[in-house]
Amino acid sequence: MVQKTIIFEDSELAKRQVLAINGKGVDKENFIIENLTGERVLSPTGREVTIHEFAGLRNGSVIVITDDLPSLIEQSDYIEK
Amino acid sequence: MIDFGTALASILAKGLGIKLEFIDKSTGKTKVTRKGGNGPVIKQKGRNNLIIMPVVNGSLSPETKPLTEALNKAFDNKGINYLAAPAREKLSEYHQYESTIDRSRIITTLSGIIPYRHIALIKTGLYLRMLSDDNKQNEVNKIYAGLVNYSAEERYIINLASARHFNHYILPTFNELKGVNDGLNKFLDHYYKIVNDPELALFVHRGMSAENVYRSVIEMAQKNLKYGVVRHKIYVHATGISNVETLSEAYPRIKKIFPLSVKKRLARDMPNLTIKIPYQTNALDKQN
Numbered sequence: 001m002v003q004k005t006i007i008f009e010d011s012e013l014a015k016r017q018v019l020a021i022n023g024k025g026v027d028k029e030n031f032i033i034e035n036l037t038g039e040r041v042l043s044p045t046g047r048e049v050t051i052h053e054f055a056g057l058r059n060g061s062v063i064v065i066t067d068d069l070p071s072l073i074e075q076s077d078y079i080e081k
Numbered sequence: 001m002i003d004f005g006t007a008l009a010s011i012l013a014k015g016l017g018i019k020l021e022f023i024d025k026s027t028g029k030t031k032v033t034r035k036g037g038n039g040p041v042i043k044q045k046g047r048n049n050l051i052i053m054p055v056v057n058g059s060l061s062p063e064t065k066p067l068t069e070a071l072n073k074a075f076d077n078k079g080i081n082y083l084a085a086p087a088r089e090k091l092s093e094y095h096q097y098e099s100t101i102d103r104s105r106i107i108t109t110l111s112g113i114i115p116y117r118h119i120a121l122i123k124t125g126l127y128l129r130m131l132s133d134d135n136k137q138n139e140v141n142k143i144y145a146g147l148v149n150y151s152a153e154e155r156y157i158i159n160l161a162s163a164r165h166f167n168h169y170i171l172p173t174f175n176e177l178k179g180v181n182d183g184l185n186k187f188l189d190h191y192y193k194i195v196n197d198p199e200l201a202l203f204v205h206r207g208m209s210a211e212n213v214y215r216s217v218i219e220m221a222q223k224n225l226k227y228g229v230v231r232h233k234i235y236v237h238a239t240g241i242s243n244v245e246t247l248s249e250a251y252p253r254i255k256k257i258f259p260l261s262v263k264k265r266l267a268r269d270m271p272n273l274t275i276k277i278p279y280q281t282n283a284l285d286k287q288n
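Same order as they appear, the protein sequences are chains A and B.
Start counting the first sequence at 1; every next residue gets the next number (the working numbering).
Start counting the second sequence at 1; every next residue gets the next number (the working numbering).
Among the hints, erroneous ones may be present.
[Unchecked claim] Cβ pair distances, simulated, as ranges: (1) Ile51/A x Asp133/B: 34 to 40 angstroms; (2) Arg47/A x Gly112/B: 23 to 29 angstroms; (3) His168/B x Asp77/A: 24 to 30 angstroms; (4) Ala152/B x Ser11/A: 32 to 38 angstroms; (5) Thr50/A x Ala152/B: 19 to 25 angstroms.
[Unchecked claim] In silico lysine to aspartate or glutamate, EDC-like type, Cα no more than 16 angstroms apart, as pairs: (6) Lys136/B x Glu93/B; (7) Lys24/A x Glu12/A; (8) Lys142/B x Glu53/A; (9) Lys142/B x Asp67/A; (10) Lys256/B x Glu211/B; (11) Lys24/A x Glu48/A.
Worth flagging that the hints you see were computed from the coordinates, not collected in a lab.
If you're wondering where the values come from, they're calculated on a predicted model, not measured in any experiment.
Here a beta-carbon is modelled for each residue, glycine too, at the ideal position from N, C-alpha and C.
Isolated chain A (complex conformation):
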């Protein structure tokens, strides 16, 4: 199902703000974590995700999107064109 999509600018600040809005943060090694547990989040391919490769969130923050093309293509069915 296609859901509403918010586009944010490409800056670390904007990324941190989007993460904060969704209960997530960044650890000392720049990996994205769940604020509540400190656990590092995983991309759909099972990789830990750094803030640098973070490109968005899907499905109410559950799925972390990375900025490589195959991952974006994989998520594109759910994102408005």
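For chain A, the structure is supplied; the task is to place chain B on it using the hints.
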């Protein structure tokens, strides 16, 4: 029913000091609906209620909580997607090609048969091929730069698609096997052998010398012969000036051992060289 954008505007306007801009659906022009504050700027564009939110003014502080609540209310807690502007741009560029990317019906045929993840890799490879054919080398390089964390298998699937092996080898194999008894399982068996044990094609990269290329071809041929692979063909692909030079340097030595069929494409910005090696079982006797 209240328009989505209007609902969001009214919620965000309440005490958040947020400037909202909407793009008028009929004219496409930006319409500022409320001014004030230094907080995030939110734009609505087009029919799909797409919101562009360049987050400007820094701190994560007091705005964050009300913004979360406002967004959740506005979206009725149905789940929102967030996407960075460059990622959105990459996808838009990809979507321009998407309708023409599957002329050979690779995606439509293999969807639901091979893993979902592979489909995205194949789409990427087919897209890279189209960009290469259009001499868009910068875009190709940018996409490859984003694949640094990918496994060798994942990159191999992308490269196989980019080198048209899905068009010329894997899809025809599927079409051939689909009519025979237990054809689907036979195809999948064959498919996984190809993507997990990449002895079909060698992709020259910057870390390889001519000696590496030559040795790799010999090793691939030896392995294929050892396991009785009936294909008896190896493809060597080089894309880009330095890779083509490396393969050209290895070429005379390879030719001494194997009868070669060479396909050379010299695009303006994208030199591209492919060698097809239909080796014979006794070819390796000539190895020096």
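Hint check results:
The hint said 34 to 40 angstroms for the Cβ distance between Ile51/A and Asp133/B, and at roughly 35 angstroms that hint holds. Distance hint for Arg47/A and Gly112/B: a CB-CB separation of about 25 angstroms, consistent with the stated range 23 to 29 angstroms. One distance hint, 24 to 30 angstroms for the beta-carbon pair His168/B and Asp77/A, holds here, with the actual separation near 28 angstroms. At roughly 33 angstroms, the beta carbons of Ala152/B and Ser11/A sit within the given window of 32 to 38 angstroms.
Our hint of 19 to 25 angstroms for Thr50/A and Ala152/B holds, since their Cβ atoms are close to 21 angstroms apart. For the hint pairing Lys136/B with Glu93/B, the CA-to-CA distance comes to about 12 angstroms; that is within 16 angstroms, so the pair holds. Taken as a hint, the Lys24/A and Glu12/A pair is honoured in the structure, with Cα atoms around 14 angstroms apart against an allowance of 16 angstroms. The suggested pairing of Lys142/B with Glu53/A holds, with an alpha-carbon distance near 13 angstroms, which does not exceed 16 angstroms.
Between the alpha carbons of Lys142/B and Asp67/A the distance comes to roughly 11 angstroms, so the proposed pair stays at or under 16 angstroms and holds. About 14 angstroms separates the Cα atoms of Lys256/B and Glu211/B, which keeps this hinted pair within 16 angstroms; it holds. The suggested pairing of Lys24/A with Glu48/A holds, with an alpha-carbon distance near 13 angstroms, which does not exceed 16 angstroms.
Comparing the model with each earlier hint shows no violations; every hint is respected.
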